[in-house]
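Novice: Spelled out, the chains give:
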Amino acid sequence: MGQLTKGAVVLSFLKPPPTDIKALIKTNSIGFTKELPGLDGKPAAYLSINIESRELVAHKLFSRHAITVFFGFLISVLVFMLVFLTVLVSIPLSRISQVLKTGQLMSSPAMEKDAGEFGDIWRLISRFFEQKKELLSEITERKTVEEKLRTSEARLSTILKSIGDGVIATDNKGYVIFINNVAQRLIGYGAEAAAGKDLRTIFNIVDELTGKKTDNPIDRALQEGVISGFANHTVLISKDGTRYSIDDSAAPIRDEKGNITGAVLIFRDITERRRKEEINRRLAAIVQSSDDAIVGKTLDGVITDWNKGAEKIYGYSEKEIKGKLIFILSPEGRKNEVRDLTERIVKGEKIEHFETVRVRKDGRHIDVSLTMSPIYNASGDIVGASAIGRDITERKIMEGKLVATAKEWEVTFDSISDLISIHDRDSKLLRVNKAYADFFKVKPEEITGKYCYSIVHGTKEPCIDCPHQYTVKTKKPARLEYFDSRFNAYLEASTSPIFDKNNEVVGTVHIIKDITERKKAEQKLKEAAELKSHFTSMVSHELRTPLTAIKESISIVADGTAGVLNEEQKDFLGMSKKNVDRLARLINDVLDYQKLESGKLEFHIQDNDMNEIIRETAAAMSAVAKEKGLEIILNLDSKLPLVKCDRDKIVQVLSNLISNALKFTEKGGITVVSEKKDNIVELKVKDTGIGIKNEDLPRLFRAFEQLAQGKERKTGSTGLGLAISKEIIDKHRGKIWAESEFGKGTVFHVILPVIERRI
Amino acid sequence: MKKVLVVDDEPDILKVISFRLKKAGYEVLTAGDGKAALDLIAVNKPDLILLDLRMPVLSGEEVCVTLKASDELKTIPVILLTASSGGKIADKAKELRADDSMVKPFEAEILLEKVRKIIGGAV
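Residue numbers (the numbering used here), protein chains in the order written: chain A, 2 to 760; chain B, 4 to 126.
Wrong hints could be hidden among the right ones.
Mimicking DSSO-like on lysine-lysine, the simulated pairs with C-alpha atoms at most 30 Å apart in a straight line are [claimed, not checked]:
1. B/Lys91 with A/Lys578
2. B/Lys95 with A/Lys732
3. B/Lys117 with A/Lys579
4. A/Lys162 with A/Lys133
5. B/Lys91 with A/Lys579
6. A/Lys435 with A/Lys402
7. B/Lys97 with A/Lys732
8. A/Lys533 with B/Lys91
9. A/Lys149 with A/Lys258
10. B/Lys48 with B/Lys71
11. A/Lys578 with B/Lys25
12. B/Lys25 with A/Lys579
Facing chain A, according to a computed beta carbon distance under 10 Å, are these residues of chain B, among others [stated by the list, open to error]:
13. Asp11
14. Glu13
15. Asp15
16. Lys18
17. Phe109
18. Glu110
Residues of chain A clear of chain B, computed beta-carbon distances all greater than 10 Å [claimed, not checked]:
19. Gly117
20. Arg156
21. Lys552
22. Glu553
23. Lys579
Hints are computed from structural coordinates only; laboratory data are not their basis. Glycine residues also receive a C-beta, built at the ideal position from the N, C-alpha and C atoms.
All chains, please: the whole structure from these sequences, using the hints.
Specialist: Here it is in structure tokens:
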């Protein structure tokens, strides 16, 4: 089989043998292809064997003519060949074929030892089969490993899913490849929604304090390959906006070569824990920042807690007092007090506002108010006591001052001789002074809540003109005078409002005075005034009657009606008549003045043309002026408004002023001026007479002043004229005054208000 | 001749006023109190009465009220006289429906003028 030098064996694991091999097999080659099935039944490899047979074809063409000889030889050769082929080719081939067909490698020492091509093939196949066996066992082994791996992965997944913390795994870009249930719940994304998302977009965290977005911890894990852990105070904002306080940690995932293939993020909802921490922190801060001393101690009195307030109040720092006994704070003589208090605490009692004295580090004694409560352990046993102490030294001093002030006030209140009472809005008595209690014969402690009228008037209802009610209603003080027959006394009650800070009346102060003496004096005065008034009018009436008879008798004689008189008789009778007239005027003036003074003179107020009044008065006086060779000049404002006044009274004033002017003027003239100024009318009576000295001007309008002053003026007036004029002008709410330059003349001014009619 | 009744409790006043009126040409009757005046008026009705207010027995005021209450006598003009001063007399006159008033002491000429104004001259 030396010709069979060429052949090919191709073993392919992946795909069927190449076409050219197949083609070879079909045409002129001996060969075959065998599929080698894998464990799963599918072809795992292909084995192609090709043996080229060109040599054999060439032998077929050898020597046709020597067939006969040759045949015998040939037959023998053939037989030989047959045996040879059978032994050398067929058997090995069949063996190979069988092996290839069955796929089972049989042990064949002959084939092993065969040094020919078939031996090579056999060994090749053997090696292949061995390799295949190895391969198969390797595959089987790998499958077992894979199976194990799968089981372990499932378990891991289950563990991750059921873990209490949120777990998210990402690839090396930060895209989510795994998210457990807790993480899904916290970030608000389901597994499917989260898968493949950039973790940075769905894991939204901010700083608890600043509210600013914080770095995602996986960034460091991915970029720097470090485990970044538990950034404090991180808040996770869920997809629906819910905020969770979390602790988070991220670690890189590395393959066996150490390359970062992803990151795992683990985080935990610590909202509740943070809340408790916050409460504890705040409680601690409250305790620390309290101005009160807050001290904790065991039942044995060992100090366990000591806040800043305690340090301030007692002077010891926390460091130096912790572990010491509480008795250090008790002054001598009060050591047992703490023990007693502790005993009460043990009984579960709470001690509130126990005022006592404690001693500071510097030895100073301070007043404190203690509130003590038991401290329970977790199983509910009392293991200690907390004491809250407040420094009330200042308060004690203030209290002392207040007591002193109150005492001072009370002493003052009770020393006032007027009857003083304090009432609420409803007139109920709140407080009375001693004088009040003595006068009404009541006890101060018994009157509280009683109505003032029940005490003051002895009635069941307030009186009609109750000043208290007026004060409450109007917020103004009020006054009432009344006679109380029970005390046979005139009393005056004045009420003043008490305001709160909103200026609302919350009560009243009543002051009751016994005004009986004053009333009696007033009554006497009134009676005297009435008597005087009556007397004056009676006297003037009684004077007038004889005066009328005298005046008429003289007139009749002086006129010559009762017979002709000589010049001397006429002269004397004229004098008598003049003095009788003067007497009559005097009586009129006294009476007028009396009436004005007692308010009995009646006024008839009407609209009057002031210029007309002036003209008439001047006309009436013109005769007297002429007698003295003087002229009355009128300088009247034509635009004068009507003035509301009593015509006769104004005439009286003007007559008085003009007659005075005439009386004291010897040369020159009298000028009467009217003038409108704003809402007043001004009248002036000017003369060029002797004038009035400056120092006399203030006395001008006083009654009887002229009589007292006398000398420089020519008499003829009662001295009441100007006083009456002033009274009249005052009643008109006007003004009257004089200006004068001694020796040059006088100007009398009269101002009357103009009340404009409203249309 | 016009008749004027002067009523006053003061004889001297009655005398001087009567003298003036007679000189002026009037017939003058006099009465010393209110009652006497009313008695006189009943028998001798005057043309005008000068009536003093303050009088005993029956005051001028009462006389005036009686006169004005009588249909027959209410037409007799009355001038009130008083020694009390002030504006009150004018009001009183109005109230009593008297025709005028006069305060004592007075100027005789003014009184005569008032009389003339009401009942005219003496003739």
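Novice: Each of the hints needs a verdict: does it hold here or not?
Specialist: Comparing the hints with the structure gives:
1. B/Lys91 with A/Lys578: Holds, at roughly 27 Å.
2. B/Lys95 with A/Lys732: Holds, because 24 Å separates the two Cα atoms, which is no more than 30 Å.
3. B/Lys117 with A/Lys579: holds, 23 Å
4. A/Lys162 with A/Lys133: It is violated: about 42 Å lies between the C-alpha atoms, which goes past 30 Å.
5. B/Lys91 with A/Lys579: At roughly 26 Å apart (the allowed maximum being 30 Å), A/Lys579 and B/Lys91 satisfy the hint.
6. A/Lys435 with A/Lys402: holds, 23 Å
7. B/Lys97 with A/Lys732: With a Cα-Cα distance of about 25 Å, the restraint between B/Lys97 and A/Lys732 holds, given a limit of 30 Å.
8. A/Lys533 with B/Lys91: With Cα atoms ~19 Å apart, A/Lys533 and B/Lys91 stay inside 30 Å; holds.
9. A/Lys149 with A/Lys258: holds, 22 Å
10. B/Lys48 with B/Lys71: holds, 14 Å
11. A/Lys578 with B/Lys25: Between A/Lys578 and B/Lys25 the Cα gap is close to 22 Å, so the pair holds against 30 Å.
12. B/Lys25 with A/Lys579: Distance of about 25 Å is within 30 Å: holds.
13. Asp11: Cβ of B/Asp11 sits 9 Å from chain A, so the hint holds.
14. Glu13: This hint holds: B/Glu13 lies near chain A, its Cβ roughly 6 Å from the closest one there, short of 10 Å.
15. Asp15: holds, 4 Å
16. Lys18: holds, 8 Å
17. Phe109: Given a least distance of 7 Å, the restraint on B/Phe109 holds.
18. Glu110: This hint holds: B/Glu110 lies near chain A, its Cβ roughly 8 Å from the closest one there, short of 10 Å.
19. Gly117: For A/Gly117, whose nearest Cβ neighbour in chain B is about 183 Å away, the distance exceeds 10 Å, so it holds.
20. Arg156: holds, 131 Å
21. Lys552: Given that some Cβ of chain B is not farther than 10 Å from that of A/Lys552, nearest at about 5 Å, it is violated.
22. Glu553: About 4 Å separates A/Glu553 from the closest Cβ of chain B, which leaves it inside 10 Å; violated.
23. Lys579: Non-interface label stands for A/Lys579: nearest chain B Cβ at 13 Å, farther than 10 Å.
Of the numbered hints given earlier, the model fails hints 4, 21, 22; all others are met.
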